[in-house]
Amino acid sequence: MASNTHQTADAAHGGADAAGMPQLDFSTFGNQIFWLVVTLVVIYFVLTKIALPRIEAVLSERRGTITSDLAAAEDLKQKAVEAEEAYNKALADARAEANKIVAEARAEIQGEVDAAAAKADAEIAAKAAESEAAIAEIRAGAVDSVKAVAKDAAKEILATMGYKADAKSITAAVNARMKG
Amino acid sequence: MRKTRKMPQKKRVTDVADQSAKQGGGPVIKIAFFVVLALVLISGLIFAPEHPGLAIHPMDQFEIKPLFGGDHLGTFTPTNQTLWMVLAIVGIVLLLVVGSRGRAIVPTRGQSLAELAYGFVYKMVEDVAGKDAVKYFPGIMTLFMFILFANFLGLIPTSFTATSHIAVTAVLALIVFVFVTVLGFVKNGMGFLGLFWVSAAPLPLRPVLAIIELISYFVRPVSHSIRLAGNVMAGHAVIKVFAGFAAALGVFSFLPILAISAVYALEVLVAFIQAYVFTILTCVYLKDALHPSH
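Going down the list, the sequences are from chains A and B. Residue numbering for the first sequence is 1 to 180, as defined by this note's numbering. Residue numbering for the second sequence is 1001 to 1294, as defined by this note's numbering.
Rather than coming from a laboratory, the hints here were simulated on the basis of the structure. These numbers were taken from a predicted model, which means no experiment stands behind them. There could be a bad hint or two in this list.
To be verified - Okay, derived cross-link-like pairs now, SDA-like style, lysine to any residue, Cα gap no bigger than 25 Å in a straight line:
1. K1065/B <-> L1155/B
2. K1135/B <-> Q110/A
3. K49/A <-> L1155/B
4. K49/A <-> K1123/B
As the list claims (entries may be wrong) - Estimated spans, in silico, between C-beta atoms of each pair:
5. G1110/B <-> L70/A: 24 to 30 Å
6. P1202/B <-> V38/A: 49 to 55 Å
7. V1178/B <-> F45/A: 54 to 60 Å
Here a beta-carbon is modelled for each residue, glycine too, at the ideal position from N, C-alpha and C.
All chains should be modelled from the sequences, with the hints used to inform the complete structure.
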């Protein structure tokens, strides 16, 4: 209640001064303007001397950090790409090398196989020649034996029939027969 | 084909979710509403004045009184307005200086707010007034932070709103007006008068337009200051009027109290928007001073 009466009294006082609007009470303007200017100057100095440079520094530092981090990331990415390329190249090289080795080994083995085959062929040919020689010999032997048997048989037959013939004529006759 | 079959299914799922949310949220909100209403009613009964009557003094809150008693109000007397201006300084220091003391690359909550305020005004100056206006950024930041804090501190019940006084906003607007005008002439010489000479218009119309432009230029500080003071003062006065109704209505005092809550929410919005509007207009005027050609 006390405050109420105080307020009404104040209102009456203010009303007498400025038609109920304290905003239009010009007697307070000097005071308001003075304190406003003081306030603004203080805020301006706090902002320009402390707050704004500090926030600006933090923001630019953050921008710098982000930029350098991005650059580092780009760098690492580049390195990864390079590493992958090197890996692929090494892989291709290894594959080519392996193919080369395989081809070489194959050629070597082929050579060995060829040599062995040639040797075997030669041996076989030698054996065959030897066998043929043996066969020829045997055949020759057989002809001689046939000759001897034929002479003997002819002599025996002539003897049995009562003829007497010398060995020379019989041999000539047998030889002539066998030739033709 | 598949899409069309899938869509209704999805919709039904969300519908069900909506319904369950409504069923879950509805009663809670209703209960909270009735609890608040009951509290308001009970408090209205307990604290009702013995002699209910209309006691509406919406302008009392704007009265400037010496802070340490006494009737004499000299130029240098600290007043209740001085107190709340000092508290605005304290708030600004807390937000921008104490908040940013960590200087962390990854900011704390306080530092984020400080950086947010900085970035908000800096971007506004850069976007609206141009890159060459950035060197006036500290001054604009000063205006914005002062108005913002004065407006928001004024929303604390029983506090004093410095920006509700036309003397304060007029000084702010005049600082901007004088600074911008002087800067315009310093930067552009007589070329600054090109601001009033609309070269896009046909020649016979230009003198007429020049007069209109000149008048509108000198009305700028008036509208600039009255817009801010008027908005803030009107909101506070409306709240006070409703408070007077609440005192008179007894049991039904909850009606104006609910209205006060709504107006208060609006005032929170206005407190920010008016600080924003004042600052962006300052940027626009600054742009006119730096680039007077249309």
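Exercise. Looking back at the numbered hints, which does the structure fail to meet, lowest number first?
Worked result: 2, 3 and 7
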